[in-house]
Amino acid sequence: MNEIATPSPAALDVPRAPALRRYGVPVLVFAAFALAPIAAAQGAEGYILSLLTRVMIFAIAAMSLDLILGYGALVSFGHAAFLGIGAYAVGILASHGIESALVQLLAALGASALFALVTGAISMRTKGVYFIMITLAFGQMLYFLATSLSAYGGDDGLTLPSRSLLFGANLLKGDHAFYYAVLGCLLGCYLLCRSVVASRFGRVLRGAKENAVRMQAIGFAPYRFQLGAYVLAGTLCGLAGFLLANQTEFVSPAYMTWQRSGELIVVVVLGGLASLHGAIIGAAAFLLLEEVLSGYTEHWKMIFGPLLVLVVLYARGGILGMMGGRHG
Amino acid sequence: MADAILRLEGLRKAYGALKVTDDVTLDVRPGELHAIIGPNGAGKTTLIHQVSGLAASDSGRILFDSADVTRLTMAQRVHRGLARSFQITSILPGFSALENVALAVQARSGSSFRLFGDASRERGLNEEAMSYLAQVGLGHRAIIPSGQLSHGEKRGLELAIALATRPMLLLLDEPLAGTGHEESERVVETLRGLKGRYTIVLIEHDMNAVFSLADRVSVLVYGRVIATGRPDEVRANPEVRAAYLGEEAA
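Quick mapping for you: the protein sequence lines, in order, are chains A and B.
Per the working numbering, the first sequence starts with residue 126, numbered consecutively.
Per the working numbering, the second sequence starts with residue 37, numbered consecutively.
Hints in this document: simulated from the structure, not taken from any laboratory.
A quick note: this is a predicted structure, and the numbers were derived from the prediction, not measured.
Note that CB positions come from ideal geometry on N, CA and C, so glycine has one too.
A hint or two may mislead.
To be verified - Selected chain A positions facing chain B (in silico; Cβ < 10 Å): (1) E170; (2) Y172; (3) A323; (4) R325; (5) N336; (6) G344; (7) R349.
From just these sequences and the hints, can you work out the full model?
Below is the structure:
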């Protein structure tokens, strides 16, 4: 028996990558977003702000997916449903004259959480391919429900009278104000997810991803933790939906097509699974590539597809992995 | 508590026509090290799966600490003090050895539905986990990702994880499986240290280990218990010799 006489407290701490590698990339990413409007002022400001706002909104959606996909190995193919729920919460309430951001936001988050709880409780009873199929099915159900809501535009969607009102005033109207509001949401989501992943809860979630039987054999019921993560992820994606509706001032079933769910998976894998800020980088890469490539050809996915294949084949950690950033 | 901490009554399990567990009735007394031996395919691991809750039983009852646990999940049985190890190493390879054990400590100390605070830095969890690692001689390997430990060290880690659940009874499924000579001696020493402090049900192929460690031995053949008794009684039992020991001890 090789016994260590009272191990020093420092020895008990899990070793960490140097601070620069742990925090370097995320700090750079957020600094870039914070300063981008200044740079944008030199050129096509409206266009750049709007594109970056869109990037951040998709980053929130993708990051929420990373929480269950990257840390829980739950491949949800219906995550865009929550974008739709968040967006329709804004659209439906606004069409009834309720334009308070607070009320709309609460409705968006509440409806997303409820939908996640109900569909998650059912989906989680399946594994693997069946889980993918059942989440896809729930997503499609919601999509077709939205297309059939003729009172709220049906297939065509509906246009919002304006952005949501904060304290009764149109504070989110300006592009800069809205940009920084979205950046604040992205930062908040990132810090929350970062905390959750390292917490007791997150450790159980990560453990269940590695070996669910082992987790049961030490007394955990992984189902409850996976369902909890699913509800949290759905709620955060509902926030993204709320922001998306506000940015475009338009709500449509197109927000929750299964192709959109697929794109979210692509964004997470492209950026780097199980890293959270990888989802931000992935969203930026995806939307900027779309922007650039679609300038050359409308069949831009013919170029994007092979790029994705290369990333998956040669850079398992996604873009973040290629950058040598912290992973896991 | 009656004279048995674990009592199996008429336990059965069949896969199709194959009776893997066939009317097993068995008592395990508090504090004893009870070995279950039997030829390959006798149904030893299935029996452990049934007792631990990983596999459901077709019929029969499992009484643990005077309560019927037959219908409880594995996690629920763990909380009652029934812990197990696995024949095929089952750890979280991406977690450090320390975190593997700390998770087991976490499972029974406070809520795990906490979304804030870095779990890997919870001193209380880590210090207790460290004490279990030290018990199996892995104190100096705590921060190594457990996937990188040697096979023998992983076997030790499995034990430490089981101990960290603070069990009343340990179900050990071939803790020596696949270990080399030196490693197996180390694990046997560890088991000797645990003996008496925990009630242990041990499945093991290594007869030297079984007969040097066990207080009582049950012999399982084709899903049936054909004998139970002290090691010397079992060794002398003609039925056992014919069915099992004869092959190896000849």
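Going through the hints against the structure:
no.: 1; hint: E170; result: violated, 38 Å
no.: 2; hint: Y172; result: violated, 38 Å
no.: 3; hint: A323; result: holds, 5 Å
no.: 4; hint: R325; result: holds, 4 Å
no.: 5; hint: N336; result: holds, 5 Å
no.: 6; hint: G344; result: holds, 4 Å
no.: 7; hint: R349; result: holds, 8 Å
In the structure shown, a violation is registered for the earlier hints numbered 1 and 2, in ascending order.
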